[in-house]
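A.B. asks: Sequence:
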Amino acid sequence: MRRIEEVLIVEGRYDKNALSQVVDAVILETSGFGIFHDRQKQKLFRTMAEQHGLIVLTDSDGAGFVIRNFIKSCVPPERLKQAYIPDIPGKERRKSAPSKEGKLGVEGMRPQVLLEALERAGAHFLDEEIGKQSAERISKADLYRMGLSGGTNSRGKRAQLLQKLDLPERLSADGLLDVLNALMSREAFFDLAAADHTDPE
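Mapping of the sequence shown onto numbering that gives the first Met the number 0: position 1 corresponds to residue 0, and the numbering continues sequentially without gaps.
It cannot be assumed that every hint is accurate.
[Claimed, not checked] As a list, the in silico SDA-like pairs of lysine to any residue whose alpha-carbon atoms are at most 20 Å apart:
| hint | residue 1 | residue 2 |
| --- | --- | --- |
| 1 | 15 | 84 |
| 2 | 42 | 172 |
| 3 | 15 | 156 |
| 4 | 139 | 155 |
| 5 | 102 | 115 |
| 6 | 71 | 60 |
| 7 | 71 | 112 |
| 8 | 139 | 184 |
| 9 | 15 | 77 |
| 10 | 42 | 181 |
| 11 | 156 | 172 |
| 12 | 71 | 90 |
| 13 | 90 | 11 |
| 14 | 90 | 101 |
| 15 | 102 | 65 |
| 16 | 139 | 171 |
| 17 | 94 | 59 |
| 18 | 90 | 111 |
| 19 | 102 | 32 |
| 20 | 156 | 143 |
| 21 | 42 | 84 |
| 22 | 80 | 50 |
| 23 | 139 | 60 |
| 24 | 15 | 143 |
| 25 | 42 | 94 |
| 26 | 102 | 112 |
Since the hints were derived computationally from the structure, they do not count as laboratory data.
Construct all of the structure, not just a fragment, from the sequences and the given hints.
C.D. replies: Here's what the structure looks like:
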């Protein structure tokens, strides 16, 4: 599995699942057209673009291009790359019928096709092995240790942290973990959590 510097933007969770089998990267969802009215998520995309750059990988149908164009209006063009999947007729296994345009979406693409789409888009593949960075990355255990998951008031503490970092309030614990690893080092996370008095007793 190859690691990518940029943050990947996809339409939904099935697309995210497909990509997460191919690359190690922060993958955020637009929730389809939900991005149009979600100002917090728009701001998160801009923040991620400034820090790491974005690669948009949506379906190749009309709706996918509408979403692409909207993101282009939210993010500086020099921080945005576009990855395109080919037009392949068919339907995903989980669906009872093909999409309106009869094309496979991101979730229906073979892993090699997705990887090639990212390569063509100019994704920055990091040379280091994933294992070498695992000790430095913020983990689920770290969230637990700092009281941000698995505790009686973890949801409230996560909400405070999300507000402090100006992140979407609906961001799940897993989503928070991805974003924290993109925004800061493990050491900086501990400093931030300690400042918020989320240290364990």
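A.B. asks: Would the hint linking residue 139 and residue 171 be met if the CA-CA limit is 20 Å?
C.D. replies: Between residue 139 and residue 171 the Cα gap is close to 12 Å, so the pair holds against 20 Å.
A.B. asks: For the pair supplied as a hint, residue 139 and residue 155, confirm whether the alpha-carbon distance does not exceed 20 Å.
C.D. replies: Given that 20 Å is the threshold and the Cα spacing comes to 17 Å, the pair holds.
A.B. asks: Take the C-alpha atoms of residue 139 and residue 60, compute the straight-line distance between them, and say whether it is at most 20 Å.
C.D. replies: violated (36 Å)
A.B. asks: Do the alpha carbons of residue 15 and residue 77 lie within 20 Å of each other, as the hint requires?
C.D. replies: violated (24 Å)
A.B. asks: Taken at face value, is the distance from the CA of residue 65 to the CA of residue 102 at most 20 Å?
C.D. replies: Status holds; Cα separation ~16 Å.
A.B. asks: Going straight from one Cα to the other, do residue 42 and residue 94 come out at no more than 20 Å?
C.D. replies: Since the Cα atoms of residue 42 and residue 94 sit roughly 32 Å apart, the hinted pair is violated (cutoff 20 Å).
A.B. asks: Under the criterion that the straight-line Cα-Cα distance not exceed 20 Å, is the pair residue 90, residue 111 satisfied?
C.D. replies: holds (18 Å)
A.B. asks: CA of residue 15 to CA of residue 143, is that 20 Å or under?
C.D. replies: violated (24 Å)
A.B. asks: What's the verdict on residue 156 and residue 143, does the C-alpha distance respect the 20 Å limit or exceed it?
C.D. replies: holds (11 Å)
A.B. asks: Could you grab the alpha-carbon distance between residue 139 and residue 184 and see if it respects the 20 Å cut-off?
C.D. replies: holds (14 Å)
A.B. asks: Compare the distance between the alpha carbons of residue 42 and residue 181 with 20 Å, and conclude whether the hinted pair is satisfied.
C.D. replies: holds (15 Å)
A.B. asks: Are the Cα positions of residue 156 and residue 172 separated by 20 Å at most?
C.D. replies: holds (11 Å)
Checked against the numbered hints above, the structure breaks hints 3, 7, 9, 12, 21, 23, 24, 25 and satisfies the rest.
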